[in-house]
Amino acid sequence: MTGEVLVFAESSGPTFRKAAFEAVTEGRRLADLLRVSEYALAIGNSLTDRVGELGKYGADKIILADDPSLGLFHPDYYRQIALDVIKRVSPSIILIAATSTGKDLAPRLAIHLDTAVASECTQLELEDGKLIATRPAYAGKVLLRVRVNSSPSIATLRPNVFTAKETAPGKKPTVEPVEFKRPNSPMVVKEFVSQGAKKLDLTEASVIISGGRGMGGPQNYKILEELAEVMGGVVGASRASVDAGWRPHSDQVGQTGRTVSPTLYIAAGISGAIQHRVGMINSKVIVAINKDPEAPIFGFADYGIVGDVFEVVPALTREMKVFYGKT
Amino acid sequence: MRRVPDTGTRIRIASDGKSIDTSDAEFVINPYEEYALEQAVQLKEKHGGEVTVVTLGPEKTTQVIMKTLALGADKAVHLKCDRVPDDPSLVARALASELKGLDFDVLLFGKKGVDDDNQQVGQMVAELLGIPSVTQIVKLEVSDGKAVAHREVEGGSITVETTLPAAFTAEKDLTVPRYASLRELVAARKKPIVVRDVQLAQSSLEVVSIQYPQQRSPGKIVGKGVDAVPILVRLLHEEAKVI
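Chains S and X, in that order, give the protein sequences. For the first sequence, the numbering used here begins at 168 and goes up steadily by one. For the second sequence, the numbering used here begins at 5 and goes up steadily by one.
FYI, nobody ran anything at the bench for these hints, they're computed from the structure. Among the hints, erroneous ones may be present.
Unchecked claim - With a Cα cut of at most 25 Å, we get these calculated DMTMM-like pairs of lysine to aspartate or glutamate: (1) X:K50 x X:E145; (2) S:K451 x X:E242; (3) X:K104 x X:D201; (4) X:K228 x S:D410; (5) S:K308 x X:D28; (6) X:K224 x S:E461; (7) S:K348 x X:E165; (8) S:K308 x S:D410; (9) X:K22 x X:D86.
Said to hold, decoys possible - Derived DEER-like restraints, expressed as beta-carbon distance ranges: (10) X:K245 x S:Q386: 30 to 38 Å; (11) X:R193 x S:T330: 32 to 40 Å; (12) S:P385 x X:S23: 52 to 60 Å; (13) S:S257 x X:S27: 22 to 30 Å; (14) X:E30 x S:H279: 36 to 44 Å; (15) S:L200 x X:K22: 22 to 30 Å; (16) X:R200 x S:G219: 49 to 57 Å; (17) X:S27 x S:D295: 51 to 59 Å; (18) S:V355 x X:L106: 21 to 29 Å; (19) S:T330 x X:E145: 41 to 49 Å; (20) S:D295 x X:R200: 36 to 44 Å; (21) S:T330 x X:E30: 46 to 54 Å; (22) X:D148 x S:P344: 37 to 45 Å.
Remember, predicted model here, so these are calculated numbers, not experimental data. Don't be surprised by glycine CBs; every beta carbon is placed ideally from N, CA and C.
Using the sequences and the hints given, assemble the complete structure.
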């Protein structure tokens, strides 16, 4: 018998992550194909008011663990709640966003459930009721299609790849609160230290403006920040500029940094070496600004401007201000 | 520690269409494990003790093990198998059954292998051993049987305190790996490597097929300098429809 689809809906503070809505939307699609119900598991603090939102994306039933001690991800707490719920719901498919929380949690669950995880998937299919996932590997040089032969099948979904869609705008899902009894744990999750004003992580941003070695120094990223602000985007960086100490590692796009798939990726003063390319090649549209017409980035960018970033970027900011009506 | 093909290496799909032909690949220490190994060596230099490298892989892994010994590990355990399985839980189970017999305070992993990009093994081993674990850490302080780790997450970092023994998986910023001197490379040859054959169970994660991704074709050069900017904005709006 085919079990239900269970989606872990990750929260960040009192709201759900966009990646959670993406996972619930994809979970709905699979649940329809399998003719089963979609359950969403929400774990966090002060989510009660927002939890109904998951219904709009297709969830039939929501299981909510809401407690002040669950505001930040704690592996032991989250794992215990998830395992209890999985035991009760007995899903055949579990979807989790491939965020820092999801990538930590999914393998832990797999060990206790004696199953496997398909990580960082970019596409899911069903074949004879079994989950087949497409996922990039070897720095994006190949795409693997993997099948999870054990049940439940667990997949983590790369953020920003699946579409979040309100398929059932008026839907009122049932919400079942679960009581959380804090287990003993050798780990104490102390605090979250915010990186600063940046609201969105690179993996969840729709617009990314990245700067490379061509930016010349940390002080010059201001022009990228200005463009990002006008466009509602986030600033990223190449490995060269992170290794030079100009930008923090959390800004790095590429092999030893973040893998991103925004709608629009603007690369300023970035040559486009393989280490960078693998982190951003799945962006919907890539724009390159570089003074070297031979830079490899022009070989895979959709639009290129050959020119000095210090002239082109401020001009682009002015033009975008006009476009968005901000002047 | 795991060995991975160097990033510059061309990756070829084998003739069976569902595995990677690595016969002419150049292998290196997985970059994330370089950060982990450096952290281990720094802990040894500060607190004393010994650094043991444990790895699962084919015969040829020896070359990469020698590098870890040159970089400051004292000894190594090589769990030998024909090929590293596609299912990370099998790797984790093999490592955990070896680690059960070892006495350690700190267990370090790279957060993921840059070959299969799974990011699963470290926390799986910890679950199998029943010890606490903190993933993708950028800072680790150890004292009096306790550790404070900072894990990098979206928008900032989370501080986690734990008792030891515990497992940690390294993010890039954890350490800056050192280089091995020629003297250390020579000395590494005298360090002990224990080799054990391991049998792996049937994988429940099966690679059905492998494809090359669609190549992105070069787009258009809109123009040169600031004159091209208004054209770019128009194209992004009207043609690409992304703004």
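Evaluated hints:
{"no.": "1", "hint": "X:K50 x X:E145", "result": "holds, 11 Å"}
{"no.": "2", "hint": "S:K451 x X:E242", "result": "holds, 15 Å"}
{"no.": "3", "hint": "X:K104 x X:D201", "result": "holds, 17 Å"}
{"no.": "4", "hint": "X:K228 x S:D410", "result": "violated, 30 Å"}
{"no.": "5", "hint": "S:K308 x X:D28", "result": "holds, 16 Å"}
{"no.": "6", "hint": "X:K224 x S:E461", "result": "holds, 14 Å"}
{"no.": "7", "hint": "S:K348 x X:E165", "result": "holds, 20 Å"}
{"no.": "8", "hint": "S:K308 x S:D410", "result": "holds, 24 Å"}
{"no.": "9", "hint": "X:K22 x X:D86", "result": "holds, 16 Å"}
{"no.": "10", "hint": "X:K245 x S:Q386: 30 to 38 Å", "result": "holds, 35 Å"}
{"no.": "11", "hint": "X:R193 x S:T330: 32 to 40 Å", "result": "violated, 55 Å"}
{"no.": "12", "hint": "S:P385 x X:S23: 52 to 60 Å", "result": "violated, 44 Å"}
{"no.": "13", "hint": "S:S257 x X:S27: 22 to 30 Å", "result": "violated, 44 Å"}
{"no.": "14", "hint": "X:E30 x S:H279: 36 to 44 Å", "result": "holds, 38 Å"}
{"no.": "15", "hint": "S:L200 x X:K22: 22 to 30 Å", "result": "holds, 25 Å"}
{"no.": "16", "hint": "X:R200 x S:G219: 49 to 57 Å", "result": "holds, 55 Å"}
{"no.": "17", "hint": "X:S27 x S:D295: 51 to 59 Å", "result": "violated, 34 Å"}
{"no.": "18", "hint": "S:V355 x X:L106: 21 to 29 Å", "result": "holds, 26 Å"}
{"no.": "19", "hint": "S:T330 x X:E145: 41 to 49 Å", "result": "holds, 42 Å"}
{"no.": "20", "hint": "S:D295 x X:R200: 36 to 44 Å", "result": "holds, 39 Å"}
{"no.": "21", "hint": "S:T330 x X:E30: 46 to 54 Å", "result": "violated, 39 Å"}
{"no.": "22", "hint": "X:D148 x S:P344: 37 to 45 Å", "result": "holds, 40 Å"}
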